[in-house]
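Protein chains in written order, with the numbering used here: chain A, 7 to 401; chain B, 35 to 281.
There's no promise every hint is true.
Under 7 Å between C-beta atoms, here's a sample of chain B residues computed to sit facing chain A [said to hold, decoys possible]:
{"id": "1", "residue": "Thr49"}
{"id": "2", "residue": "Asn124"}
{"id": "3", "residue": "Phe125"}
{"id": "4", "residue": "Asn127"}
{"id": "5", "residue": "Glu129"}
{"id": "6", "residue": "Ile221"}
{"id": "7", "residue": "Met222"}
Mimicking DSS-like on lysine-lysine, the simulated pairs with C-alpha atoms at most 30 Å apart in a straight line are [claimed, not checked]:
{"id": "8", "chain 1": "A", "residue 1": "Lys61", "chain 2": "B", "residue 2": "Lys208"}
{"id": "9", "chain 1": "B", "residue 1": "Lys182", "chain 2": "B", "residue 2": "Lys84"}
{"id": "10", "chain 1": "B", "residue 1": "Lys84", "chain 2": "A", "residue 2": "Lys129"}
{"id": "11", "chain 1": "A", "residue 1": "Lys291", "chain 2": "B", "residue 2": "Lys175"}
{"id": "12", "chain 1": "A", "residue 1": "Lys61", "chain 2": "B", "residue 2": "Lys182"}
{"id": "13", "chain 1": "A", "residue 1": "Lys39", "chain 2": "B", "residue 2": "Lys223"}
{"id": "14", "chain 1": "B", "residue 1": "Lys182", "chain 2": "A", "residue 2": "Lys39"}
{"id": "15", "chain 1": "B", "residue 1": "Lys208", "chain 2": "A", "residue 2": "Lys328"}
Keep in mind that the hints were calculated from the coordinates and are not lab data. Note that the Cβ used here is the ideal one computed from N, Cα and C, for glycine as well.
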Amino acid sequence: MADIRMTDFAEFTSLLSSEENLILNSTKDFVNKEVMPIIDDAFMDARFPDELVPKVGAMGFLGAPLDGYGCPGLNYVSYGLINMMLEAGDSALRSFNSVQSSLVMFPLHSFGSDAQKTKFLPKLATGEMIGCFGLTEPDHGSNPAGMVTYAKKTDKGFVLNGAKMWITNGSVADLAIVWAKCEGVSEGKNNICAFVVEKNTPGFSTRLMTQKHSLRASITSELIFEDCLIPHENLLPGSTVGLKAALMCLNSARLGIAWGAIGAAMACYQTALDYSLTRVQFHDKPIASHQLIQKDLVDMLTEITKAQFLTLQITRLKEQGKVKPEHISMVKRNNVAMALGISRTARAILGANGISSEYPVMRHMCNLESVITYEGTDNVHILTLGKYITGISAF
Amino acid sequence: MNIVVIVSQTPDTTTKVVLNSDKKSIDESGITWILNPYAEFAIEKALKLKEANPQVGEIILLAMGPERTVEALRQGLAMGADRAVLIKSNFVNTEVLAAKVKELDAKLVLGGKKSIDTESANTEAGLAARLDLAFVHCANKLSWEGGKLIASREISGENQSFVLTLPALVTCDKGEDEPRYASIMGIMKAKKKELDEIYSSAQDDIGIEIVEARLPALRGSVKIFDGSPAEAAEKLLKALREEAKVL
Ligand SMILES: Cc1cc2nc3c(=O)[nH]c(=O)nc-3n(C[C@H](O)[C@H](O)[C@H](O)COP(=O)(O)OP(=O)(O)OC[C@H]3O[C@@H](n4cnc5c(N)ncnc54)[C@H](O)[C@@H]3O)c2cc1C
């Protein structure tokens, strides 16, 4: 499989600091040496390449934007660049990083007690521990406020009942951040707050979801809670503000996903460009010499370039504390749809080879079908932005 | 005892070279610059030598080049070197470099066996001559043995080992030392490390002028078939039949 490369038509990298450029290049080297040689087999075998976990930990990718507890405290642009290059490798690896960094370490860091932070964050940063984030339920996806999983406060602790579905890292996780309704404890409108549930807690089990056509190198699982008793100190104290705590986690993750999608798009574009320059059809000419193919390539490069600059600007707003959730909705939606479109076009440019696992495009295309659904579907982000523009909720 | 590593910056191997309209120089605007991979091997070897010998003091990176060379030095610092010096200049002059090496009190000077842009291997040899240092070219392995440095290299399938009494200068090949990544922690630490930038007033007086630059004639594209020998042969046959249509 060819090495991943940076697509940089309009000197996007000239807007990055020297540290940010170093991080970009170092992540690219890492992906080329450690990920590209194994990722295709992992995808075909539906295997999560867990041998990469300590390696991404040693690189310092996990919890990169957090400070202290063994985390490097990078800015969000750096976090974005890491995600971009990881996803140029495979969305599964970026998903692992998004969940661990933004959906597990971020809530522990922002809403956790000192004891929770000290116990979990350093090991999550090295990859010695893996976490997962349980929000979605079988009957509640886009509308998590309707969730039915609930926690009952008793003298001995909280008793959890319910089930979560489509949970990344679920079966390999040492701990789960679980969102549940808890009357009298949560101060939110929907009574939602979050708990840490550790592996092997009686009443907690997981079931691996197989038969996926997408994100095959990622673990997706069900989490099941049957009278699962967890200690009082496992409540994330800051999460009692309700669902908005979960949305803060998602906002951090979604920004990373927006960056990641650019990476997948770059990988597909570069593959299509290389292929079209070497594949000869009609008049002994490469297919890149045909106008229709050139238009496809030009559209791809234009969309990638636009996404890079928009995403950089919105991430700088985040660093300045000026970002709105709607900004993030715009880039998550735009970039993933853009990447999915590019992967489909790239797959077509490769002809029959487009469906072969010798090239990465169909793997990216299949992966992006999950990425466009999770962390707010395309529709949900449209409705979020629509409400912002018009002041009218159309959910 | 300090180790100085001579560092240079080269275009990324995937760079598409475009000439300027003067037909003498290369258009640098689209180039991604990287740390010369052979200098990277030298840095890795220096770090291993330091890890194995408490007598090694600092690993100091030294480069002579344009402003942008800072990026290559930062990468080396992020890998673990202690500090760096950049002599800002548009050309390399071994007299200036030699004076700096002396000032840095280096017992061992390492460098890459060549730079991947012009494939030249002049700087280190010139430096060794000026400083009158023992010189081994193309070492793929370096180790300590009772205070002496053992430098090994492969030559036409043969292994040669040199026992060096320091001071010495060695240029490095890759060998078995996979260069470590610049980790995030390393990059953050490198931010705080000393990077001296100094100007050189030396003149470019080596008497070479580029008269004309030309891109090499286009070669047909090369295709490499992977898989076992039997699989690769099968694919080759198929390509000869269906793509090249020569069978
Ligand atoms: C591989 C993978 C990994 C995942 N990982 C996690 C994880 O780690 N943690 C976690 O909690 N969840 C995870 N999810 C779940 C994901 O977040 C949900 O699938 C997503 O929120 C959508 O929910 P749903 O599948 O129930 O779809 P639904 O909400 O049922 O939506 C179905 C369709 O209806 C549309 N729709 C819904 N409501 C409206 C409306 N009001 N107006 C217009 N259209 C609407 C949606 O856009 C969608 O197209 C993962 C999903 C996948 C596929």
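Evaluation of the provided hints:
Violation of the interface hint for B:Thr49 is found here, the shortest Cβ-Cβ separation to chain A being roughly 10 Å, above the 7 Å cut-off. Among the interface hints, the one on B:Asn124 is violated; its C-beta lies about 20 Å from the nearest C-beta in chain A, farther than the 7 Å criterion. Against a cut-off of 7 Å between C-beta atoms, the interface hint on B:Phe125 is violated, since the closest Cβ of chain A lies about 23 Å away. Using the Cβ-Cβ criterion of 7 Å, the hint placing B:Asn127 at the interface with chain A is not satisfied: the shortest such distance is roughly 26 Å.
For B:Glu129, the interface hint is violated, since its Cβ never comes within 7 Å of a Cβ in chain A; the closest pair sits about 29 Å apart. The restraint placing B:Ile221 at the interface with chain A holds, with a minimum CB-CB distance near 5 Å, inside the 7 Å limit. For B:Met222, the shortest C-beta to C-beta distance to chain A is roughly 5 Å, which falls under 7 Å, so the interface hint holds. The straight-line distance between the Cα atoms of A:Lys61 and B:Lys208 is roughly 22 Å, inside the 30 Å bound, and the hint therefore holds.
Proposed proximity of B:Lys182 and B:Lys84 is supported: the alpha carbons are some 13 Å apart, at most 30 Å. Of the pairs offered as hints, the one joining B:Lys84 and A:Lys129 holds, with about 29 Å between alpha carbons and a cut-off of 30 Å not exceeded. A C-alpha spacing of about 48 Å is found between A:Lys291 and B:Lys175, which places the hinted pair above 30 Å, so the restraint is violated. A distance of roughly 34 Å separates the Cα atoms of A:Lys61 and B:Lys182; the hinted pair therefore is violated under the 30 Å criterion.
Only pairs whose Cα atoms come within 30 Å are accepted, and A:Lys39 paired with B:Lys223 is accepted, the gap being roughly 24 Å. Between B:Lys182 and A:Lys39 the CA atoms are separated by roughly 34 Å; this puts the pair beyond 30 Å, and the hint is violated. Simply put, B:Lys208 and A:Lys328 have alpha-carbon atoms about 47 Å apart, too far for the 30 Å limit, and the pair is violated.
In summary, the numbered hints that this structure violates are 1, 2, 3, 4, 5, 11, 12, 14, 15.
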